[in-house]
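Trainee: Here is what each chain is made of, one letter per residue.
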Amino acid sequence: MIEIRQLQKHYGSHRVLHGVDLDVAKGEVVCLIGPSGSGKSTLLRCINALEAYDGGVITVFGETVQRGSKTVHALRSRMGMVFQRFNLFPHRTVLENVMEGPLYVKGEPPQQVREEALVLLEKVGLSAKADAYPEQLSGGQQQRVAIARALAMKPDAMLFDEPTSALDPELVGDVLAVMRTLADEGMTMIVVTHEMGFAREVADRVCFLHGGYIVESGPAEEVLGNPQHARTQDFLRRVLHPTGNTRSLS
Amino acid sequence: MSPAEFLQNAQDFLPILLQGAWVTIQITVLSFLLSSAIGLVLALLKLSPIRALSWTASTIINVIRGLPIIVQLFYIYFVLPDMGVHLTAFYAGVIGMGIAYSAYQAENFRTGIIAVEQGQREAAEALGMRSALMMRRVILPQAFRIALPPYGNTLVMMLKDSSLVSTITVAEMTRQGQLIASSTFQNMTVYTLVALLYLLMSLPLVYGLRRMEQHLSRRKKA
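Chains H and R supply the protein sequences, listed in that same order. All residue numbers for the first sequence refer to the UniProt record's numbering, where the first residue is 1 and numbers rise by one. All residue numbers for the second sequence refer to the UniProt record's numbering, where the first residue is 1 and numbers rise by one.
Bound-form chain H, shown alone (with noise of 0.2 Å):
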């Protein structure tokens, strides 16, 4: 469903891919994890166009994605996108900020996407802030809003960038689950997490990059449980034990 080949994109003279290759069938939850700076953001973005890259191809439902190109907007249209930082539209309720695809991008009928839009609110556990403007809601209502907002275009794959960064701790947990109810219903996803515990779970595939290149891809228990690289190693010691290891730091 989605093909990356040799994927490259630089700034100026810093590169921050350097050749990287990924597949995800449909169906597939794929977590990518690593250090900041690794180029896991850049990658994602790169898959729906919003960075360009400079070498190699992404291929996603069989059509080529680059930045500017025709096809472009209907393939994201096609394709969820969840932030960090929600990007919910703060001028529009909750109600609306789910509605605005469908209705405004597909043109479809008001009243059916309004029923359709109730529907994923209650998906969400939001039915009761329908009508409350995004900076009414906690950081993680605003993520599950956002997720609504995605689901919202009938998408064939998912991308996650990072979507519980930005949340307190005790708020982390309701957006998982959602997540966690989407992958069990099938939905094609690519996270970018520092979540462990949810990639362990939820992923087919745990990729870790480091550097722009991805050292070590295979199954969540492998990779996260075995690590076979010395830096996939060092990077989950870091990640499981925040505090103590003083010689990972060195």
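Worth flagging that the hints you see were computed from the coordinates, not collected in a lab. A portion of the hints provided could be inaccurate.
Stated by the list, open to error - Ranges of calculated distance between the beta carbons of each label pair, as one might list FRET restraints:
id, chain 1, residue 1, chain 2, residue 2, range
1, H, Y213, R, R130, 31 to 39 Å
2, R, N62, H, P242, 50 to 58 Å
3, H, G173, R, N62, 50 to 58 Å
Nothing here was measured: the structure is a model prediction, and the numbers come from that model. Note that beta-carbon positions come from the ideal geometry of N, C-alpha and C, so glycine has one too.
Add chain R to chain H, keeping to what the hints say.
Mentor: Coordinates of chain R only, in the frame set by chain H:
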């Protein structure tokens, strides 16, 4: 001059001045709408990634800003007829003020558009929006809120500067005042009334705009 005399004169002059005030309001509203429309187009052109368009818009904005408003009004009212374009004084005034202020409106809008968070553009793009739809549904509504204080300021300035169209014979309030004063020599009464009537229009406007800004910023923080 006794207060009784002042009131007697005021009673005679007010109906004429109020007629003028109505023309002032018409000129202000129409030229404000025109300047908003031209200003928005100029702002969008100036932000265009196409070099030729942004350069053209910048040049137009700079030329307009570099010319005195009165000269622009004279040009439209006195010179255009030589080229076969005949406008009544009223419409020459509206068009002149509208063009003269479009440069400032363009800067108001441009600043507002730039200030909308990058994440909003990305969210709109990720939904599959094309740039026109994104502008209309996502960027401009938010840019307008950001630009409201300078936008409102411009409206107040245009209300006051509409007096400039008196120089091309439009019978707005300042012009009516001038005519009465020159025929009655009651300068003090006339211009005091004119000043009071301007304040009567501008102060509620300033107050109303502030309320609107407060309302919007409260909503944002709530």
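Trainee: Next step is simple, just say for each hint if it's right about the structure.
Mentor: So, going through the hints one by one against the coordinates:
Distance hint for H/Y213 and R/R130: a CB-CB separation of about 35 Å, consistent with the stated range 31 to 39 Å. The hint said 50 to 58 Å for the Cβ distance between R/N62 and H/P242, and at roughly 55 Å that hint holds. Our hint of 50 to 58 Å for H/G173 and R/N62 holds, since their Cβ atoms are close to 56 Å apart.
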